[in-house]
Amino acid sequence: MFWIYNERVKKWEDKLRPEIRDSIGSGSLGSFPHYKTFFQNPPAIIDLSAKQVNLLAHLSCWNVMSNSETFKHMLT
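Add 597 to a position in the sequence shown, counting from 1, and you land on the number used in my numbering.
Certain hints may be false.
Said to hold, decoys possible - Straight-line C-alpha distance at most 27 Å; calculated DSSO-like pairs for lysine-lysine:
1) Lys648 to Lys633
2) Lys612 to Lys633
3) Lys608 to Lys633
4) Lys608 to Lys669
Calculated directly from the structure, the hints in this document are not laboratory data. As the structure is a computational prediction, the values presented were derived from the model and not from experiment.
Taking the hints into account, I'd like the entire structure generated from these sequences.
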């Protein structure tokens, strides 16, 4: 068993297009990747925007792919 903790990763952010990279830390991405469980985008109780979800999914995928050997070792 293992835990995956979401955290900002400068190495990943440096690979993003400038307009996306520059939006992290402000507006709807102000708390990225630490979204609230409830009321991240009020008045919705549980709702993330497509931009928030896609960026988080991209970061998660990058983390897994960048650490593939560790994941392979732990899963076999």
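Comparing the hints with the structure gives:
The suggested pairing of Lys648 with Lys633 holds, with an alpha-carbon distance near 15 Å, which does not exceed 27 Å. For the given pair, Lys612 sits about 26 Å from Lys633 by alpha-carbon distance, which is consistent with the 27 Å threshold. Distance hint between Lys608 and Lys633 is fulfilled; the C-alpha atoms sit about 24 Å from each other, no more than 27 Å. Proximity of Lys608 to Lys669 is assessed by CA-CA distance (about 22 Å); at most 27 Å being required, the pair is judged to hold.
Figure legend: structure checked against the earlier numbered hints; every hint is met.
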